[in-house]
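Residue numbers (numbering that gives the first Met the number 0), protein chains in the order written: chain A, 0 to 332; chain B, 0 to 332.
Please note that the accuracy of each hint is not assured.
No copy labels: a pair is met if it fits in one copy or bridges any two.
Stated by the list, open to error - Subject to a maximum C-alpha distance of 30 Å in a straight line, what follows is the list of computed DSBU-like cross-link-like pairs (lysine-lysine):
| no. | residue 1 | residue 2 |
| --- | --- | --- |
| 1 | Lys236 | Lys256 |
| 2 | Lys171 | Lys13 |
| 3 | Lys115 | Lys267 |
| 4 | Lys331 | Lys17 |
| 5 | Lys141 | Lys236 |
| 6 | Lys143 | Lys236 |
| 7 | Lys256 | Lys13 |
| 8 | Lys325 | Lys267 |
| 9 | Lys282 | Lys30 |
| 10 | Lys256 | Lys267 |
Since the hints were derived computationally from the structure, they do not count as laboratory data.
Number of protein chains: 2
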Amino acid sequence: MNTTRTINLKNRPKGEPKLTDFDFSTAEIPKLKEGEVLLSTEYVSVDPYLRGRMSDAPSYIPPFELNKPIASGIIAEVLESKNTNFNQGEFVSGMLQWQETQVAKADGLMKVDPEKAPLSAYLGILGMTGLTAYLGLTEIGKPKKGETLLVSGAAGAVGSVVGQIGKILGLKVVGIAGTNEKVEMLKSKFGFDEAINYKTTENMTEAIANACPDGVDVYFDNVGGEISEAVLFNINKFSRTVNCGAISVYNNTELPKSISVQPFLVKKSSSMQGFVVFDYVDKHPEGIKQLTEWLSRGKLKYTETIREGFENIPQAFLDLFEGKNKGKMVVKL
Amino acid sequence: MNTTRTINLKNRPKGEPKLTDFDFSTAEIPKLKEGEVLLSTEYVSVDPYLRGRMSDAPSYIPPFELNKPIASGIIAEVLESKNTNFNQGEFVSGMLQWQETQVAKADGLMKVDPEKAPLSAYLGILGMTGLTAYLGLTEIGKPKKGETLLVSGAAGAVGSVVGQIGKILGLKVVGIAGTNEKVEMLKSKFGFDEAINYKTTENMTEAIANACPDGVDVYFDNVGGEISEAVLFNINKFSRTVNCGAISVYNNTELPKSISVQPFLVKKSSSMQGFVVFDYVDKHPEGIKQLTEWLSRGKLKYTETIREGFENIPQAFLDLFEGKNKGKMVVKL
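Let the sequences and hints guide you as you build the complete structure.
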């Protein structure tokens, strides 16, 4: 029987995850049963939301089990198939395990076409990343032409797509990021109207007011924490906040405190709503269609940070929390 | 020329408002012009939201001017009319000044019928209070039969109506209030399924969990602050919070801090939205019609705290922040 390398969750991280929270083991590859496929992993997606699944607090998806493989979005090649829908040599996308080789049931797998876009794009701009940006912005943000869209974590995988979709939809788009290089890239590459480096800005409230002279109508929030406090002082009447993530506080061991949002929401008849792309599976096909069309017309650009090597997956994940990625972070095997 | 007593805003309150923030003056009553009416004040509404208009921070309605009369919902009798729509001896409701007698333009005045309901009801259950409860719950809370509704400030004017409407709509209703007497009243008079005294409860998170074993689907929040923190740990997936008020923090001179809501909203795909009844004027007629129907069928009960005497209006207002009212607080002249 053949074996494969596997990355397991060894400990539930306390605060910042560490390399020692993961371990590598060698697992047996079970025999292929009727309806299953044997897959060889090509690209592995590492995402901030995986941090949530590593702790056992109740969340929108069940936690990973200790000493079992971690799973995330993966692109794999079909090595062998006992399923009539998939043929050897085809590529698939799915929620798969951090293993070099694995047997998988076919439901939940989606064929991807390497002719239409690079394989890694199906983990990013044409995958969960693009769908999160598109559906979060349109379903929760409900933007109207001419409004001002502010994006935090703007140079991240989701943020950079949100901003570009904002421009396509006719909004004024302002981004917040953490280095001058990222700020420059937001404007020159992704077409943001303005961008703010929060690490070198002393008064974020004032900086947002200057960048958004008409106030903020839609705030696409990937970070939470202090940046989002500063945004509160700049929201317009009837503004909408898309709470897509709160990476700034995911590793906090104590519950983070912030300025109370309630008085601001009452004063401005403003809304905040949590968004998780998994809640909108019925809209995924429509979203992928729209994203593919924009991509093929050259209206969407994306940045990837591609690391190499199965053994480097945990480090790539940790680097997300240091902001070491530009755009979508994937690991190529 | 005749004169009338007037209550003016003397100082913008710092923190808790004080009697010395108000002063009484004698103003002249101008001559009645074509289209105007001369009104004698019968009932004056005092409401927590007036605190907001006493400070000059930007809000949903402009601040009161210093040394000018304060205004609120008032029921008045028409003493003299130069407007064909209003006759002497009729009663009207409107946003009027804290004066014993005043001249007013007729637009913005609504006739009220003392045969259909007691005059004071038009400031409460058939006025802004009832509309806030009805429209806040239905438009933002979007309750579905069988869901659990949690109401803070439940013994207050708005809260007690919210709970009753919740029961009419087929929800499980739980209230939070600050005395055992109020808790008892919520259950015996207003039909709440459960009620919690937050002042005698050590662990609110646990108490809410016990009272809402299926979690909280709709949270109608009148108070903000620590109570609302405890609610966060009990919200269900796709739950909606109606941010109707934050009386617990209105008098804070520093911006209050709370547990960050963003991670909870993301985990639960949950929403929070500020609600102000003035944003829904187009739905007021429909709302008043529905409330009048429920009231006439005996499905809605209400409690009033009626103080007497023009000179006691400021104290009645201050007492709101001490929770000295049961239900709607009005002052009868």
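Quick rundown of the hints versus the structure:
1. Lys236 - Lys256: both (25 Å within a copy, 22 Å between copies)
2. Lys171 - Lys13: neither (40 Å within a copy, 38 Å between copies)
3. Lys115 - Lys267: neither (45 Å within a copy, 35 Å between copies)
4. Lys331 - Lys17: Answer is within; shortest intra-copy Cα gap is 21 Å, inter-copy 67 Å.
5. Lys141 - Lys236: both (14 Å within a copy, 21 Å between copies)
6. Lys143 - Lys236: Both ways: Lys143 and Lys236 sit 14 Å apart in one copy and 27 Å across, limit 30 Å.
7. Lys256 - Lys13: Intra 18 Å, inter 24 Å, cutoff 30 Å: intra and inter.
8. Lys325 - Lys267: Answer is between; shortest inter-copy Cα gap is 28 Å, intra-copy 34 Å.
9. Lys282 - Lys30: neither (35 Å within a copy, 64 Å between copies)
10. Lys256 - Lys267: both (22 Å within a copy, 19 Å between copies)
In this structure, the hints that do not hold are numbers 2, 3 and 9, in rising order.
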